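Number of protein chains: 2
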Amino acid sequence: MQKKIDPWGSCDVKDYDKAMKEFGIEKLERFPKRNILFDTGFVFGHKNIRAVLKAVQEKKRFAMMTGLMPSGPMHLGHALVVEQMKFFQELGAECYVASADIEAYLTRGLKRDELAKISEDYFLTYIALGLKADKCRFYYQSSGSQEYMNLSKFLAKKITFNEMKAIYGELSPAKIVSALTQVADILHPQLKENGGACPVIVPVGLDQLPHINLTGDLAYRFREEYGFVKISATFQKLLPGLQGGKMSSSQPNSAIFFSDGGDVVRKKIMGAMTGGRKSVEEQKKKGGSPEICPVYAYHLLFNNSSSGKIYEKCKKGELMCGECKKELANVLVKFVGDIQDRKKKAKNELGKYFR
Amino acid sequence: MQKKIDPWGSCDVKDYDKAMKEFGIEKLERFPKRNILFDTGFVFGHKNIRAVLKAVQEKKRFAMMTGLMPSGPMHLGHALVVEQMKFFQELGAECYVASADIEAYLTRGLKRDELAKISEDYFLTYIALGLKADKCRFYYQSSGSQEYMNLSKFLAKKITFNEMKAIYGELSPAKIVSALTQVADILHPQLKENGGACPVIVPVGLDQLPHINLTGDLAYRFREEYGFVKISATFQKLLPGLQGGKMSSSQPNSAIFFSDGGDVVRKKIMGAMTGGRKSVEEQKKKGGSPEICPVYAYHLLFNNSSSGKIYEKCKKGELMCGECKKELANVLVKFVGDIQDRKKKAKNELGKYFR
Chain Y
18 MQKKIDPWGS
28 CDVKDYDKAM
38 KEFGIEKLER
48 FPKRNILFDT
58 GFVFGHKNIR
68 AVLKAVQEKK
78 RFAMMTGLMP
88 SGPMHLGHAL
98 VVEQMKFFQE
108 LGAECYVASA
118 DIEAYLTRGL
128 KRDELAKISE
138 DYFLTYIALG
148 LKADKCRFYY
158 QSSGSQEYMN
168 LSKFLAKKIT
178 FNEMKAIYGE
188 LSPAKIVSAL
198 TQVADILHPQ
208 LKENGGACPV
218 IVPVGLDQLP
228 HINLTGDLAY
238 RFREEYGFVK
248 ISATFQKLLP
258 GLQGGKMSSS
268 QPNSAIFFSD
278 GGDVVRKKIM
288 GAMTGGRKSV
298 EEQKKKGGSP
308 EICPVYAYHL
318 LFNNSSSGKI
328 YEKCKKGELM
338 CGECKKELAN
348 VLVKFVGDIQ
358 DRKKKAKNEL
368 GKYFR
Chain W
18 MQKKIDPWGS
28 CDVKDYDKAM
38 KEFGIEKLER
48 FPKRNILFDT
58 GFVFGHKNIR
68 AVLKAVQEKK
78 RFAMMTGLMP
88 SGPMHLGHAL
98 VVEQMKFFQE
108 LGAECYVASA
118 DIEAYLTRGL
128 KRDELAKISE
138 DYFLTYIALG
148 LKADKCRFYY
158 QSSGSQEYMN
168 LSKFLAKKIT
178 FNEMKAIYGE
188 LSPAKIVSAL
198 TQVADILHPQ
208 LKENGGACPV
218 IVPVGLDQLP
228 HINLTGDLAY
238 RFREEYGFVK
248 ISATFQKLLP
258 GLQGGKMSSS
268 QPNSAIFFSD
278 GGDVVRKKIM
288 GAMTGGRKSV
298 EEQKKKGGSP
308 EICPVYAYHL
318 LFNNSSSGKI
328 YEKCKKGELM
338 CGECKKELAN
348 VLVKFVGDIQ
358 DRKKKAKNEL
368 GKYFR
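Chains Y and W, in that order, are what the protein sequence lines are.
In terms of our numbering, the first sequence is residues 18 to 372.
In terms of our numbering, the second sequence is residues 18 to 372.
Be aware that one or more of the hints could be misleading.
Given that identical chains are not distinguished, each listed pair holds provided it fits within a single copy or across any two copies.
Keeping only pairs whose Cα atoms sit at most 20 Å apart, straight-line, the calculated DMTMM-like set for lysine to aspartate or glutamate is [to be verified]:
no.: 1; residue 1: Lys-209; residue 2: Asp-130
no.: 2; residue 1: Lys-369; residue 2: Glu-137
no.: 3; residue 1: Lys-134; residue 2: Glu-164
no.: 4; residue 1: Lys-175; residue 2: Asp-130
Calculated from the structure, these hints are not laboratory results.
Source: prediction; values computed, not measured.
Construct the complete structure from the given sequences, taking the supplied hints into account.
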């Protein structure tokens, strides 16, 4: 039996190469523009990226669509999705960013009045991280256009219960409504009111693959009625948690939140698990293992210019974990602090993103 | 096992008393105002009618909610729902009338562009039949308010798949979305934007009982979050078809449509099945059986003032079927013709009903 991914559960993938084979994801090709996420293999796979590359090369209209789940505070892992959004925005994409507030209400046990508050914090952080207002629209699933709302219902016509079960496993009315709403999110940049059919790139984690597959099927089945073309997706790894496992809002020491003060950020990093040896002596003698070290993964993604030197010195036993952590802490305390400052200014900008 | 009713199938009930027992419907009590539908037992049962009676007596706000299914042309059977709507409107109800266009799209195989055209024809006929614009709002499921649209999704949170299956039998994503949309229709008069919680009466056929039951459960589960109070429903019989079975759009000779010309109406009635005897001689000797005669049922509902005399004469063998049909044809040719005339004028009124 084929393995199923549950987008409403957690998804902790150890072997991405195996997962790609299993779930029909292709290896990522080179982009016309370099980017750290692609260069480091952090974005590891795609479906139908060619349609997007073609649009970029021919300077034709294309869109990027992504969503945020307003549950728990935003952490560094979320920032890397925004990095990818910025990348596609710079390549010329129209950007659509949904707060999945209906899905959060239906599947995460949040109260309706909490959803807007959490979402706004995410949106402000997205702006602080550098997503531009030009050709970019933020929206809530609960305040989408009439056409979008109707699409999310009409889609139900061309999918059977057993097909959804094959994609998602156990189903509930809440999951069915959530999934159809997600599909409408991904397809709505192609609605007439938004400019009609065009390639749409959806950057996701592997846990969102079921939604991508369902959308693929439904886009095809509604190709005549709505004129949809095939969607595209990139698949991004999860940022490792500071304690070695997953970065998770429910384990505060595993994650650096954008709401953390400088002292907290520093303390969390200094307490992180590393790929270092048991003793300073052994480290000096044998060198560390940056390949499995979360601290090094952070250097690679957030302190890339120094990461080559760090890798080398670590391997040679010239860099001790404490020192390495201190350097990362300096980088991230500044990064998080800057974002906090920019978020304050972003409040005045927010209106531009909701048109 | 308890019998299930399929609102997306057909429902041909022979024994209403048995059905009431089986499905927990109560016998209808007397209304403060006489009406032919109640007096004749055509409206045969209710759930929680007391809340509405109380509101009428205390002159408090209450609403009536009903929907039309835009599939097939409107016939005389549909007019009797409008009669009940007028009755509650005269008692002071706010009236909400939905075109179930999303449900029709999802479950009836209609194309999206046909739905508005068919719906408008129904709406015009409702106006022609005498539904007033005062405190009355027509809408399409596909153009309801944001709050209504969201409600139709949020409802999914508090119902399980197995609960829905117990109510509806076999399910599909299309049926789940349709059912939740129907529940939102029935509950939305109680949304804050419409004035908040109040008794809502929903006149339906027995085939709609599953929606009434699901709405009852969900209204209770959302009583704190939305403040909903218990809904009320009346259950109306089906008008018998002219050929003895069900009146159905798919069997044109069984139904009188509001689009039928006078000659067609007359021809259909003259060809109707009756409760008459095999020969004129036998009829004169033994009398007819108005109790099982569709022609008599029509006299009762559309020619009520003469129906007492007709019943008596038929029983005594003093009235032959041909003559009886002629009288009905005269009444209904005029009735349908009048509605056709009024529909033309209703076009100018339509805007008042969409606010």
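Violated hints - listed by number, lowest first
none
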